[in-house]
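Chemist: The chain contents come next:
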Amino acid sequence: MIELPVIDAASNEEPSRPRFWRSLHHRNDDPEFRKVAAHEFLPGASEGPGGASRRQFLQLMGASMALAGLTACRRPVQHIMPFAHKPEEMIPGVPMQYATSMPFRGALRGLLVESTDGRPTKIEGNPEHPESRGTTSVFEQASILNLYDPDRSQHVLRDGDEADWQRFVDFCRSFVADAGTKRVAVLMEATSSMTVAGLRRAMASTFGALRWATYDADPAAQGMRQAFGRAVRPRYDFARARTIVSLDADFLGPADRDMIHNTRSFSEGRRLENGAMSRLYVVESGFSITGGMADNRLRLRSSEIPAFAAAIAARLGVNVGEAGAAFADHPYVVEIVNDLRQSANTGVLLAGETQPPEVHALCAAVNSRLGSVGRTMTLFDTGASDDLSLNNLVGEMRGGNVDALLIIGCNPVYDAPADLDFAGALSNVAETIHLGPHVDETAAACRWHLPRAHYLEAWGDGRAYDGTMAVIQPLIAPLYDDVHSEIEVLNTLATGLDTPGYDLVRDHWRSVLRGDFEKAWRRVLHDGFLPESAYAAVRIPARAPAAYAAPAIGADDLEVVFRLDPKVLDGSFANNAWMQELPDPTTKITWDNVAMMSPATAERLGVTVRLENGKHFVDRIRVSLGGNSVELPVWIQPGYADNSIGVTLGYGRAIVSQRPERHTNFFDLDDHTDIYGHGAVATGVGVNVASLRTTAAFHVAAGAQVSKSDGDYMIATTQDHGALPEEMEQVRKRHVFRMATVEEYRANPAFVREGDPEPIREPWEEYPTLWEKNHPTKQDAYKDNPYYKNQWAMVIDLHTCTGCNACVIACQAENNIQVVGKEEVANGREMQWIRLDRYFTSETDSVEEPQMVLQPVPCMHCENAPCESVCPVAATVHSPDGTNQMIYNRCIGTRYCANNCPYKVRRFNFYNWTKTLPVQVQMTQNPNVTVRSRGVMEKCSYCIQRVREVNKRAKLEDRPIRDGEVLTACQQACPAQAITFGDLNDPNSKVVQVRASERRYEMLAELNVKPRTSYLGRVTNPNPRLSAEA
Amino acid sequence: MSTASTGKSLAFTAGDGYHDDPPLVAGNLSFHEVTDLVALHTEKKTPMAWYGAFSIANIGLMILLLSVAYLFWNGVGVWGLNNPVGWGYAIVNFVFWVGIGHAGTLISAILYLFRQKWRTAINRSAEAMTIFAVICALLFPTIHVGRVWAIYWSLPIPNQMEMWPQFKSPLLWDVFAVSVYFTVSLVFWYVGLVPDLATLRDRTPLTKKLRQKVLGFFALGWNGANRHWRNYEKAYLLLAALATPLVLSVHSVVSFDFAVSIIPGWHTTIFPPYFVAGAIFSGFGMVMTLMVIARKVYHMENIITINHLEKMNIIILLTGTMVGFAYITEFFIAWYSGSPYEQYAFINRATGPYAWAYWTMMSCNLLFPQFFWFKKLRRNVAFMFVVSIFVNIGMWFERFVIVVTSLHRDYLPSAWDYYTPTAIDVLTLIGSFGLFFTLFLIFLRFLPMVALAEVKMVMPQSDPHFYEGHGDGHGAAHDLSAGKPESDRGKS
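Protein chains in written order, with our numbering: chain U, 1 to 1030; chain P, 1 to 492.
No lab work stands behind these hints, which were simulated from the structure alone.
Note that beta-carbon positions come from the ideal geometry of N, C-alpha and C, so glycine has one too.
Misleading hints may appear alongside valid ones.
Simulated restraints on C-beta separations [claimed, not checked]: (1) P:T142 <-> U:S707: 49 to 59 Å; (2) U:V931 <-> P:T351: 27 to 37 Å; (3) P:T329 <-> U:E729: 20 to 30 Å; (4) U:D668 <-> P:L155: 28 to 38 Å; (5) U:V931 <-> P:K296: 58 to 68 Å.
Over 10 Å on every C-beta distance to chain P, these chain U residues come out as not near it, computed from the model [stated by the list, open to error]: (6) V169; (7) A209; (8) I476; (9) R510; (10) W521; (11) A536; (12) R622; (13) D668; (14) E727; (15) E830; (16) R838; (17) E843; (18) P866; (19) R907; (20) N926; (21) K952.
Looking from chain U toward chain P, a few residues come up when the C-beta cut is under 10 Å (computed) [stated by the list, open to error]: (22) R133; (23) S707; (24) T718; (25) M728; (26) N748; (27) R753; (28) D837; (29) A874; (30) A875; (31) K904; (32) N912; (33) T914; (34) V936; (35) M937.
Full structure from sequences and hints, please.
Modeler: And the structure:
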């Protein structure tokens, strides 16, 4: 409305004398009178009794007409700007891609993030980044949902009460007033940020005392320091390695810091075309996906692995005393040493995070002796400084030597070692400040809580695993006003000034970039990284460990092994619904953590897992360690080491959510099916096992007291079968997963075809047709399709696929796949379009010593699709470019197609999963993919929206589609690059070449459904001497 | 007929005429007594027992309506379905009710064409049962879809999308087969009702104007004229001829839902005849259950005699054995095929997690009817009632076994799961019985439950020569009750 100040001003003037008054009320300027007098007529005379006046009505109608268009947009209303001045390069509806990076366990991962009309929707790897090369792990894919997590903290809290950012700034200003006398401590997650390092230096000079502790007990880093005498970071070149020995190292697992490089280089080292393939030995207590890829796998308690490592080292001439005596003549030791000796500098031995630093140092010494340091094992000189250990920090806190403690990105109240009593120590500190994405356990115990910005919301920087520097570029303004990054908070605490993170990062980068700063800065933002900025690789020999001793453990002692969860990590992804619903790669359990153990251990403890009515009901055990105990459900996992109990961290979280609990009428199941309807997503999921850990037994705790406790517990898995011998027999009979040893493969490269039926000759093919020379039934469908150029097909290489789950979440993020919750997963209604089928196999059908294989199964896009012919309303049909398409609008939900799908890849919307989706989560949805309603079928579409996008572009540019121009989401994410997708009509396409492989087979080919998705059989390279023994 | 010249024996030999069949209506009733016996129940004051039964049935109907409302509000997730098992109770119930709906038209059409005169005692109520069973059956495919508001897309209705249904889908064939069957059965039933409605109309006292009007309307002005009878007989014959192939086709088409798919345990060429035999089996089972009760409650022992029941038992024995033979054939073929999927599907049926359902089916369908080899058991009303209940249970489980056990473990072991029905599943099944019995009780109350005109046609008295022997008809009745040899009765 246009204000007319002149008239207003005139009317406000004091009336001139003489003064007239209507009544005493008027004269006294009674407020009641003023109200009456404001209206020309008495209430009701000029306006309708309850409604708007004509004038107001017109105003409202005009305004609502003007706003009607706006409400249809998803953009935040207050920031709407007319595109009279359109932001450069931005076209509404056309997604843009920006390079940025995601911090992950102290290193950056290079990313390209897709932004649709100002909101990031999909994360991909940065193809030019030397680390990522376009691929991602599962965590990058899932991190987009962390941004839109509806349970994120939105306000600054002071002593639990709502405050705002300005109040914190004021606090900091008064705090730094006498900074020289202040003893400040910072407890921060592992970070590689250079700006943070700069701020740390600034703080050290500002405050009287600065203590800096990194909340990351990395035994590998400590081991490297022991072995090489300085802070170096190891990287293994598995492409070069011929013999790889993993001692409890899940280096292919999603939680590994260098997982993307490891997976890529490992799969390169396995290529059969490159001559000799590598041999992987895995000695582990659990069953990791690395163990699944092993050629020879030995199950051994984690507590015995130091001795096992010593036995290997001893045979290779490293002096370890008598530590390895128990395994001196173990056949695996003998064979591993033989192979390592032969491989010389292409042999590597590596230890996992569960192993103490001494084992890492010993492995380094062995590698050094083999000559692989500097060749197969690269050392990056990180130059990391020595931080205070957590123990010492807690000691300082207890001693009253800390005036203010800033906790960034970690949750020590939740998962610090129990013997430290971190929460107790916290109460000795006058000012405790927590910066984190949630009001979590630590936030509740701190005086200040500051909501932390997601990496897509704030400026930052850091270095990749190899040291490549990059800027973290935000794609969206912070969703909540109070949200700030660690850089901003550190700076505010250090200076009392509220400086934007952008300025801080730029200021720091002025010292990094040479030449024209603006130009170089823009270049870094555009590329997503600073080239040639990696750590220097150093080549130094490792010291042999002094006085190496392996822990003693009795043969019957139970050990508990704590691992990072492959889905929720240390709990930082616990409130991510995608990750909670993601099946664990090896157990296929969703929405829970369990105590995993071998069948023999379960028998010893008298616990069982019962499959009743399609649901797993398990016993619970009470695990006691050093006076602490937790109760948690058990899980029997074939291939586990006996007397080893594996648990994963990150569950049993207590996150405070602002959202009210949903309550619907009794006949309405909306709140039952709504995973967001009952507080934070992570609430009530799993058990916190961190309280069992002590400083001394942080990763592996021997001598646990375990007893069976009462009660059944229901576990939701996405796969119920596969471990029993009769099931293994069925899997083998059906030739679902085809594998052979490398000898068998060399003898018969087409081993996968052995079980295949003869190609079906239709009766009419025997006779020439009179009217048609080229009868279509003689050909595959893609050849007789002159009016459409492309015929899409996919090949999945089971030989290199590790089963890391990245494809599952990539697909979920790309295709708006909904999360259904634990109950519904247990009911068999999970929605993921691509699933990883896990099978156990062994020559003897042994449940104790099986091999594990994982097979990704998306829609096969059969040429003779059985689903299509049975749909009564033609809701699933074939596209001219050879994909099997689902037309959601047309589907009435008879589910006949799903019944008739031999691969069971179709997913049905049993409820309306999206009706109750919080508005933040709605923003994650890809606008190019329909959000499905209740009652319709859905399934993998080969990312048809991406195909159509490229179709359009190619048509506009009047050119054929280039090979590799269309990438499906799963293919793009896959760190092993096991998925090939392309056009069968392009004779030079990669997919045509891969399809020519002798290892290619079609699953269930005998059904003559002609699947477009096919597999390459797996080849293993076991040590024949060990296999013969088994 | 050997006794073509001796009309009397024709009158009281219902079957082939070669051997001595007992009369189809016992008790030597007169035409009027038969009319009274049947029509009375539509005319007298409604008995309290009927109200009792009707309210129980209505509770069932309410359960159905509420569970369907709950289903529509929330989605098919309220059932126990999951990813491998996309069809559960709804489709089981559908096939079950369609199967039951086979007996009526079989009795009225096929047995009519085969001149099985004993059918007249039961055909009216069997046809009513058919229609009500098909109504129950039609309910389930309608409510089982995910988006019930779009169900009409499965009908070939011209529309602005220019989209037709997909004619390759067996579900669409179902739509046609079942709706055609329902329409023809309804017309057939109504045509048969016309003379009896006229009878009721004529018996209505003048004070009951409304009843007269309604009955008069539905009796279509029937006055028993020769011309009416001739047209009626022709129409009936034509409809019987039309309905006969439908009896065979509808369940064949329903079986295509399974046979056309590629799921082991479904993909079987034996399904059409096996389903038809099973349908007749289950239909007779249900007719038996209902008739045993109805003849007792309504004192119809003279019209629905023990001989009728025995004949039905023979059919149950025959079709039950056929069905059992099909079960065993499936096993043989699974072994003979050499296909691991097929073999596993059947081993899993008999020994897997649903073995209890399989062996329930086997014992109810194959084992129990075998007792009917014994004439004593065949004619024991209590025993046949128990067996008929078992047949109903067994045939429900047959469909359960086919639908669920085939789906729950098919090709890829990773996708295997288990199906557990929810309370809503069970309540909907119970509710469908509520709907069925509500309709059936209304039928019993307002319509003649026995085809009066047709029964009268097969009574000895309707034989034009009936009164020739002793002149009063008593001779014939006396002959029968005395059980004289045919040679004695045949001379006239």
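Chemist: Against each hint, give a clear statement of whether it holds in the structure.
Modeler: How the hints compare with the structure:
Evaluation of the 49 to 59 Å hint for T142 of chain P and S707 of chain U yields a pass: the beta carbon distance comes to about 55 Å. With their beta carbons about 44 Å apart, V931 of chain U and T351 of chain P fall outside the hinted range of 27 to 37 Å. Hint check: T329 of chain P to E729 of chain U, Cβ distance near 26 Å, so the stated range 20 to 30 Å holds. At about 31 Å, the beta-carbon gap between D668 of chain U and L155 of chain P stays in the expected band of 28 to 38 Å.
Checking the proposed 58 to 68 Å range against V931 of chain U and K296 of chain P shows it holds: the Cβ atoms sit about 59 Å from each other. Once the 10 Å rule is applied to beta carbons, V169 of chain U is consistent with being away from chain P; the minimum gap is 50 Å. Residue placement check: A209 of chain U keeps its beta carbon more than 10 Å from all beta carbons of chain P (closest about 58 Å). Under the 10 Å C-beta cut-off, the non-interface status given to I476 of chain U relative to chain P holds; the minimum distance is some 34 Å.
Here R510 of chain U stays apart from chain P, with its beta-carbon at least about 55 Å from theirs, past the 10 Å limit. The claim that W521 of chain U is not at the interface with chain P holds, since no C-beta of that chain comes within 10 Å of its own (minimum 50 Å). No Cβ of chain P comes within 10 Å of the Cβ of A536 of chain U; the nearest lies about 47 Å off, and the non-interface call holds. No beta-carbon of chain P is positioned within 10 Å of the beta-carbon of R622 of chain U; the least distance is around 30 Å.
A beta-carbon of chain P comes within 10 Å of the beta-carbon of D668 of chain U; the shortest separation is about 7 Å. Not every CB of chain P is more than 10 Å from the CB of E727 of chain U (nearest about 6 Å), against its label as outside the interface. Here E830 of chain U does not stay apart from chain P, with its beta-carbon only about 7 Å from theirs, under the 10 Å limit. Listed as outside the interface, R838 of chain U is inconsistent with that label: its C-beta sits roughly 7 Å from the nearest C-beta of chain P, within the 10 Å cut-off.
The Cβ of E843 of chain U lies farther than 10 Å from every Cβ of chain P, with a closest approach of about 19 Å, so its non-interface assignment holds. The Cβ of P866 of chain U sits about 5 Å from the closest Cβ of chain P, inside the 10 Å cut-off, so the non-interface label is violated. Distance to chain P contradicts R907 of chain U as a non-interface residue, since its nearest Cβ pair spans about 7 Å, not more than 10 Å. Look at N926 of chain U: its CB is around 23 Å from the nearest CB on chain P, clear of 10 Å, so calling it non-interface holds up.
Listed as outside the interface, K952 of chain U is consistent with that label: its C-beta sits roughly 24 Å from the nearest C-beta of chain P, beyond the 10 Å cut-off. A distance limit of 10 Å between C-beta atoms decides the matter here; for R133 of chain U the minimum to chain P is near 31 Å, and the interface restraint is violated. Interface hint status for S707 of chain U: violated, as the beta-carbon distance to the closest one in chain P is roughly 31 Å, over 10 Å. The interface hint given for T718 of chain U is met, as the beta carbon of that residue sits about 9 Å from the closest beta carbon of chain P, less than 10 Å.
Among the interface hints, the one on M728 of chain U holds; its C-beta lies about 9 Å from the nearest C-beta in chain P, closer than the 10 Å criterion. Of the supplied interface hints, the one on N748 of chain U is violated, with its beta-carbon coming no nearer than about 22 Å to a beta-carbon of chain P, more than 10 Å. The closest approach between the C-beta of R753 of chain U and any C-beta of chain P is roughly 17 Å, which is over the 10 Å cut-off, so the hint fails. Taken as an interface hint, D837 of chain U checks out: its beta carbon lies about 4 Å from the nearest beta carbon of chain P, inside 10 Å.
Here the hint on A874 of chain U is kept, as its CB sits about 4 Å from the closest CB of chain P, short of 10 Å. The closest approach between the C-beta of A875 of chain U and any C-beta of chain P is roughly 8 Å, which is under the 10 Å cut-off, so the hint is satisfied. Of the supplied interface hints, the one on K904 of chain U holds, with its beta-carbon coming within about 4 Å of a beta-carbon of chain P, less than 10 Å. For N912 of chain U, the suggested interface contact is upheld, since its CB lies about 6 Å from the closest CB of chain P, less than 10 Å.
Because the closest C-beta pair between T914 of chain U and chain P is about 12 Å apart, greater than 10 Å, the hint is violated. Nearest Cβ of chain P to the Cβ of V936 of chain U: about 6 Å, under the 10 Å cut. The hint holds. Interface hint status for M937 of chain U: upheld, as the beta-carbon distance to the closest one in chain P is roughly 8 Å, under 10 Å.
When the structure is compared with the earlier hints, violations turn up for hints 2, 13, 14, 15, 16, 18, 19, 22, 23, 26, 27 and 33 and for no others.
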